[in-house]
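Chains as they are written, first to last, in the working numbering: chain A, 25 to 352; chain B, 193 to 478.
It should be emphasised that the hints constitute simulated quantities derived from the structure, not laboratory data.
Here a beta-carbon is modelled for each residue, glycine too, at the ideal position from N, C-alpha and C.
It is possible that part of the hints are untrue.
As the list claims (entries may be wrong) - Which bits of chain B does chain A cover? Going by a derived footprint, with three or more residues having C-beta under 8 Å, they are:
# : region
1 : 285–298
2 : 340–351
3 : 408–418
Claimed, not checked - Partner residues are not named here, just some residues of chain A that face chain B (Cβ under 7 Å, in silico):
#  : residue
4  : Y52
5  : F53
6  : D138
7  : V144
8  : L146
9  : G147
10 : L150
11 : V151
12 : E154
13 : Y312
14 : L314
15 : M317
16 : G318
17 : L321
18 : V322
19 : V325
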Amino acid sequence: MTPAGFLLGKSRWTLPELIFWAVAIGAYFAFPRRHLLLNEIAVLGLFALSLDLILGYAGIVSLGHAAFFGAGAYTAGLFAKHVMGEPVTGLIVSAGVSAILGFAASFMVLRGTDLTRLMVTLGVALVLYELANHLDWITGGADGMLGVVMKPILGLFAFNFRGSTAYLYSLTVLFLAFLLARRVVHSPFGLSLRAVKENQLRASSVGIAPARRIVAIYTLAAAYAGTAGALLTQTTQFVSLEVLDFTRSADALLVLVIGGAGYLYGGLIGAIVFKLLKDALSIASPAYWLFWMGIFLVILVLVGRDRLMGWPRAAAERIAAYLPGRKR
Amino acid sequence: MLTILFDGVAYGMLLFVLACGLVVTLGLMNFVNLAHGAFAMAGGYVTVVLMTRYGVPFLACLPIAFVATALIGAVLERTLYMRMYDRSHLDQVLFTIGLVFIAVAIVHFLMGSQTQVIRLPSYLLGRFEVFGVGIGVYRLFLIVVCGALALVLQWILASTRFGSQLRAAVDDARVARGLGIRVSRIFALTFAVGSGLAGLGGALGAEIVGLDPTFPLKFMLYFLVVVTVGGTSSMTGPLLAALLLGITDVMGKYLFPAFGAFIIYTVMIAVLMIRPSGLFARVGTR
């Protein structure tokens with residue numbers, strides 16, 4: 025098999041994937057009263073997808089991915105408030121701002137060990153949190169930013185109270201972002217990233233420049249996180265400090281761990297499970313969601329992530345194996 | 193000005209006691225323990241409960257806080273942490289974040305979300321002036337206690353049999369085991385003492401830094417800074433790092449209150465950029 029053939033084979037669409045996206049659209053009609061929740065799932069899915077790009081494909085453990093989410097969220101809010109209320113433009117601007125920030129921050133994760141990276145990513149998120157907290161004449165500080173009013177998307181589709189437009193909007197953005205991510209990870213570039221993740225030294229000895237690849241994927245991931253943040257702002261028409269909170273970074277990690285890192289669907293499946301769990305548990309006892317999340321994390325690691333959480337991928341492969349009409 | 197410096201030193205000393213347990217687990221054993229602050233919080237809350245509900249005097253609370261947290265640490269080490277030593281950093285991060293969340297939720301459930309106040313005994317209150325420098329009695333007390341602790345720790349680590357066994361176990365666990373050193377028992381003991389010191393720090397610091405359920409999250413980064421910036425060659429590095437951190441933070445908050453904790457984070461990132469393995473890293477090994 026030629027290298028190009030190998031990559032093409034990997035990037036072919038499989039039936040479970042098509043089913044997944046069909047279900048995502050079907051959910052719009054099946055749960056007409058839960059569009060707000062569906063929208064949140066789509067936003068979280070995009071955020072987790074963004075973390076997957078750096079954790080699952082480049083092996084960078086980040087504790088501060090909320091930095092880019094928050095940057096995107098605040099940019100979208102400010103843009104809508106002071107420049108124009110058209111969402112798609114705001115989305116692109118937010119992604120751009122986050123990408124620039126990610127590009128700058130990527131040089132900091134190049135150096136040092138896992139631990140240094142943990143601290144630097146955490147530190148960047150904390151710096152942004154402090155900035156947003158203290159620049160309250162711009163961001164509204166701890167009270168959050170009010171007065172974000174969104175115009176109809178492309179001047180055609182207005183947001184409604186039930187979140188129907190919001191869900192379709194977020195789902196469309198998520199799908200487009202997903203297509204791009206799929207293209208990227210199945211390209212030669214994506215393959216070289218995996219080599220960097222496995223062993224930087226060996227990767228560089230076969231002619232891959234690890235630093236440039238990490239910078240590139242980190243910037244892309246930051247743009248994705250910024251897009252997710254902007255989506256949240258635009259669909260809720262509100263920004264608060266919560267978008268930069270540490271728990272948001274931890275949430276993304278947990279989501280990715282639930283779904284499994286390194287195959288793109290992990291973040292999306294994880295987001296569904298996570299949000300539904302949170303929704304169910306929050307009804308039972310809103311204050312102690314954190315407790316269950318902690319228990320879950322501890323058990324997850326003790327039992328072993330692969331053993332417990334290999335299921336989405338294993339299930340997909342099982343389904344694919346039984347489906348008729350597959351070549352090879 | 194000198195008063196601020198003095199407060200900074202006291203704060204730094206406190207940070208050192210809070211973080212020195214982590215110097216061993218994270219710095220020496222290379223275990224990413226983000227839950228270290230939870231032990232400090234436990235010590236703080238033990239003190240609060242003992243003082244307000246049972247009327248135990250403050251000074252008697254300090255050793256109790258140490259022992260109680262050390263016991264919690266020992267139990268957790270034997271049951272859970274033990275299994276995590278060989279795992280990947282991601283696993284350790286997830287596991288310890290989980291522990292932090294559990295601790296935060298439990299404390300929130302038992303004690304409520306308000307900031308707890310410790311009423312210090314009257315002989316530790318007040319301040320006096322020496323050559324125009326205002327010195328808080330409690331801060332002086334902190335400096336003396338923490339300074340003594342630092343000296344004792346350095347002595348244990350550098351000049352006792354246990355210290356050299358620990359250093360051997362950390363450098364190469366297999367060889368140490370081959371020499372008849374009971375590595376796992378040493379790790380357990382070290383972990384317990386480290387947790388106990390964090391608890392002691394929490395009890396001492398509750399008055400200064402404030403105690404509420406989000407304590408482990410708020411101070412997570414501070415502990416990590418002390419360890420990574422200080423390096424692990426001796427107790428001196430972390431001590432200097434803690435002092436630097438304390439002074440910078442207190443000065444930043446006094447002189448530029450508008451920026452809050454902003455300065456300290458920026459300084460930390462800058463230091464890590466220039467010296468990824470810490471300001472006082474040991475050279476050569478590993």
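Hint-by-hint comparison with the structure:
no.	hint	result
1	285–298	holds (count 13)
2	340–351	violated (count 0)
3	408–418	holds (count 5)
4	Y52	violated (33 Å)
5	F53	violated (36 Å)
6	D138	holds (4 Å)
7	V144	holds (6 Å)
8	L146	holds (6 Å)
9	G147	holds (5 Å)
10	L150	holds (5 Å)
11	V151	holds (5 Å)
12	E154	holds (4 Å)
13	Y312	holds (5 Å)
14	L314	holds (5 Å)
15	M317	holds (5 Å)
16	G318	holds (3 Å)
17	L321	holds (3 Å)
18	V322	holds (4 Å)
19	V325	holds (4 Å)
Comparing the model with each numbered hint stated earlier shows that hints 2, 4 and 5 do not hold.
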